[in-house]
Structure formats: C-alpha cells, structure tokens
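Use the sequences and the hints to build the structure in full.
Which chain is which? The protein sequence lines are A and B, in order. Take the first sequence: its position 178, counted from the start at 1, is 178 in our numbering, and no numbers get skipped. Take the second sequence: its position 431, counted from the start at 1, is 728 in our numbering, and no numbers get skipped.
The hints are simulated quantities; they were obtained by calculation from the structure and are not laboratory data. Careful: at least some of the hints might be erroneous.
Stated by the list, open to error - One side of the interface only, derived from the structure: several residues of chain A facing chain B at Cβ under 7 Å:
(1) Arg18
(2) Trp49
(3) Met217
Quantities reported herein were computed from a predicted structural model and do not represent experimental measurements. Ideal placement from N, C-alpha and C gives every residue a C-beta, glycine not left out.
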Amino acid sequence: MSLDHLDSLEAEAVHIFREAAAEFERPVLLFSGGKDSILMLHLAMKAFWPARVPFGLLHVDTGHNFPEVLAFRDRTVAEHGLRLEVAKVQDYIDDGRLRERADGTRNPLQTVPLLDAINAHRFDAVFGGGRRDEEKARAKERVFSLRDEFGQWDPRRQRPELWSLYNGKHRPGEHVRVFPLSNWTELDVWQYIEREKIELPAIYFAHERAVFRRGGMWLTAGEWGGPKDGETVETRSVRYRTVGDMSCTGAVDSDADTLQAIIAEIAASTLTERGATRADDKLSEAAMEDRKREGYF
Amino acid sequence: MTAIHEPPLHTPTGSLLRLATAGSVDDGKSTLVGRLLHDTKQVFADQLDAVERVSRERGLDGADLALLTDGLRAEREQGITIDVAYRYFATPRRRFILADTPGHVQYTRNMVTGASTAQLAVVLVDARHGVVEQTRRHVAVAALLKVPHVVLAVNKMDLVGYQESVFAPIADEFARYARALEVPEVTAIPISALAGDNVVDPSNAMDWYAGPTLLEHLEDVDVDHDPRHCAARFPVQYVLRPQSSEFRDYRGYAGQVTAGAFRPGDEVLVLPSGKRSTIAGIDRLGERDVEVAFAYQSVTLRLTDDVDVSRGDVIVPADRAPEVTQDVVATVCHIADRPLRAGDRVLLRHGTSTVKAVVRSLDSTLNLETLVRESGPEALHANDIGQITLRTAAPLPLDDYADHRRTGSFLLIDDADGATLTAGMVGVPLGTAAED
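Shown next as structure tokens:
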C-alpha cells in the first residue's frame, strides 16, 4: 500500500488545511481566480467534505485584472456559496493612500491593501498558494510562516518546522501565512488539475489574443498603460502560465489548448513559470525576498 | 556547465521520496545538489542565465552552482547556506523533495529539521579527508532521527585519481560506525559532483565500482510503507459535522493516518480517555465508504458509538495501544537561542494536541562525536542534543519514536511568544553513559 506522488501531496495539503482551520480563529483563503487558488479551494473543499469550507475568501484586486478571470472568480464564489472579501488597489490610488508606480506595475502595490484587510477583518491565518519551487527566496519559506504586526517576513527568524508539527502560536496583531502547496511544483499542479478535472479560466489555454512585446514578454493591451509608442499590437496564439496583474504578467506563445497539451508543454519548457511570465521578479536578484519582507506573499 | 541543456521530456507519476543532504562546508554539497538538479534537467534556462550573470559579475570563471540554491541575500553575501531550503526534482520513476541542510556545526538544529521528514539521508565526505568528526555527527543525527536509509557519497574522487584503494576503507569505516548506531541500511557510492561521476550518469573513470549511481539508488530505494508491521495511529485533527439536510447526523473525525491501516469493523480505542468503539465507515476526501485507510492518507473516520472525540485525541487499534502517561522521557534537540533549564514551564505539542508541561530535569547531553552521554547539564543551549524528563498537565498517548516517527515526536513551545524551543523524540536516547 503506497501513495503515488500526487496522492502524497494531496494528503499533505489537506492535513495542512485542517491543522490551520483547527488552530486559528479567523483564517481566510487568498483567491484570485488563478490556477493555484482554484486548486487551493478544490483541496479545501475536499478537506472538509461533507461539511462546508469553514473560512471565507479574500481577493486583493489590482484593478488590472483579466475580465475572464474575474468572471470565473465570481461564478465560483456563487456556485459554492462562499464568502468573498475584495480589497481594491484602485481605492487606495483614488484616495491618495497609494501612488501609481512609474512603470505602471501594480503587483507590488498589493501589499498595503492586503495587510489592511488582514487587520480590518482580524484574520489570524491567511492561506496562500505560494510554492517553494517558484523562486529561490520562496524555497526558504515555511508551511506556517509567522508575520509580525507589520506583516513582515524575517527569513533569519523563522521557526524550524519538524515532522508534520506546525506551530501556529502567535501574539495578538501577528498572523500566520499558511502554504498548503509548499511542496508542489508547477507540473504537479497541472497533473493534479488534469486528474481531478478542475475547471479553469479560459486564458490558461491557447487562444488568439491581441498582444504586444515589452521586456521580452507578450502583454495584453489594456487601460493600464499599454501599448506605448513604438510598441505594436499583433494577434498571436498564446496562453498564460500564471495569472496576475495584466501590466506585468506575460503570455507565452502556445498551441496547447487541452490539459494534456499544457502538461506536455510545461514538461518540455526550459523556462520557469516566473521567468517566463513575471516582469516584477526581474527587477532585481532579491526582488521576491524584498517584497516578502514587506508583507507580500 | 554553461551549455543550455536538453529539456526534460518526462512527467513523473511514481512515488515521492523525501531526502535530506548533510555535508560540511567544503565537501561540495551545494555542487552535488546543483549537479543533481542540472543533470536531471531541472535547472531552467532563466535560472542558469541568472547564475551565470551573477557569477560573471563576481569575476568567477564558470557558473557557481551554489548560487542556484542559496536564495537569501545574506547567504549570497556570505557564500554560505544559513537555513534549510527545499528543492524539487523528478525523473520518470519518482518525485523527490530534497531538504538542503546547512553543514556548519552550529546548525545541528537545521540538520535535525531536514532529517525529521527524510526517508533517506545523503552524507557527503571529501575523499581526501575520509570520515571526519563532522561525518560522525551527521550519521549520529540521521540515526537519532531514525532516517531509514543512509547513503555515503564519497565526493571529489577526481582529486584522488578515482582509486578504489581510497574509497574502500572510507566506506568500511563509515559502515562500521553506522552499524554501531543501528542505522538500518547504508549504501556507499564514489562520486565526483564537480565532474558528474556517478551522480546521475555512471562514471567511466571508476570501472571497479559496480553499484548504482546516486540517482539510480534514489530511484530504487524501497520506502513503501508496509502497514502490516505497524500498529495503526490516527490523531484527530478536526471534527466534521455538516448538519446539512443531506448529512444531518454525519459526525466524522478528520485526520491523517500516521502509521498502519484502519478498516471498517476494526475495534478501536480513543485515547487518552480509553473509550472503546468500532469503525463504522471511512470516507476519503469526498469519496464515501472506502475499504481501507493507510498511512499517510488524509481521511475521515466514523465510529459506531456516539463517544466523545475531539481534536487532540488519537484513535488506535484496541489491541495495539500506546502507553498513556504524563511522564515523558525523551531525547531532544534544542532549537531556540534562549536556553532550556529544569523547571521551565512550556507548551508541549504532540500530534494534534497541545498541553502544558514542566521540564522536570535535564538528565544528560549527548556528545555527538564520542556518543557519550554526559550527565547533569545546567542548561541545554541551541543545537544541544540531550535527554530530558517532562511532566505534562494532561495524559498523552506516547509512542516510542523508534516505532512511530509521527506519534513519537513532539515540540516544546514558549507560551509567551510562541517560539519553537525544542524538538523531542520519545524514548531511550542514543549513546552510552559516561563512565564516572
């Protein structure tokens, strides 16, 4: 009797969900409508079946979303009778609490609304879909990651995690980020999505889209500030490997329009998910570590 | 090391192996991890580009593979690994989670952390130096943590002319030492992480070696759990009571089987209360009434009786129950920078329960080099391994760590700020008592 690798990862993620739900007063699941958060919700529903998922969802909305993804988010929430809170970067920009960056990228701006929402709702545990394979600062991340009252991550003061004993003790004002997918890779995520027949927004599959080239990536034209002079729009067959802020999430050239084709494409890719599609990680060698220290995921 | 490799053309579907690496700073551990990742085609072009760019900026000739794994600013600045990191790679036969643990003496706690979940430990030695103090320390930690498989990787064989006469005595000495520590299985492999000999691809330079490469061994090693030999254990995590129209009377105990197997009809005890019941049914993540639940599945058990069961309880077979006690004798590794002393009041986290506890006595510390237990320490400091006695505020069902890693282990936690202080293993410690 043994488990294959997807069964092992599933059993571990479910164990983590149940531990956090039992140990914390007010957990919340970060949900953007992207594949990792959809997978997280699927695992949470399995973990607590036949009871309801005992926590709500939180979306930090940059205002630069793909409309298909927002529609998917809202449909999912309605279908399963879930609670969704939305924290909007746009509100912060409109009333002057945040300023638009020169490069137009709003991903780094999410940290403030996220931390405000955590404070306002007194969330003490926040489930995130971060994976250690995404980036080398994330490779150092714990499954239960303590954040101080300012939401900061200090990589040198992390609690060692031994066996499957997750220590969720925290003081008032502190909270814990919980990462049930820590040990999953991008390929595991897609293999599991295929095995479980999990529905995804259409932009993950190859489709014709009007895009333009910037910083080595195909970006979708939109109100967020592209294309600029000298950037020309063309129609190409593309798909998205990650879904985030439109201003910094690139599409990849692809004909993969089925889950099998996507899995084959990822297995053969020579680029990491983030390397291929995320402009914000290219800002510096330690961009992710620096943002995580400030409270980002 | 600079060429962009062929892409990996496989999607793994096999089992999952968790392994930990141990090795001193200069044994080439980062190079070995880099080599494993690189030769199994897990290093992506953008990652390699970044490594090459940074290597160039630092004036190095080639790409420094250690940069693939040292992820924090402070690590890159100091050129050392500070903290455990987890790496992922796969072959068509198996998926691997590698706990990349720092080798410094002062980071014993990190080795303990990495080894706690490992099914296999790779201990690296430099062929020029052979088995040194640090090697003995690594094997002792693997033995202490009951890692079932230990691999000795004799590295830098290229620097000793690939000679069997260098490898064989190191392998012998290591095997003798590991046997004395009751490590169940030891395999020795001569490698060169730098040149790539016997890591993923077989070496042409060592015809005398007929065994597997490191990767072949990792793919082949048998880590399947055989539940017939192991008493079943089920720490209750969460009580599921949907109270919906469809599941009005449903009451299920959600958790992960940590050892053995359960079947409907099994007579069970709920510990620590000792109430007896029978398994009425088992549900597995939305699937109703499965025939069996075995380690390490996450499932939901239903019982025939309406007994009082809550988070922190452990469900066990009626005829193979652990001892329920408030007195705990354990081997511990102290983790926190603040010392642990007799009289300290702490929280003890065991399985899914957390109880108050007091440190009754510090009985001995273990010298990892000599394996002698030195009695009567005044305090346990960070990275110390010792034997302590605790008294808990409530009875706990405690297994011996030698039999059950999950229900034989615990953490001590500081109630004031929640810091993890100490990692504990129930039972008789390693080593021999000091003679005086």
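Checklist entry - Which of the stated hints cannot be reconciled with the structure, identified by number in ascending sequence? => result 3
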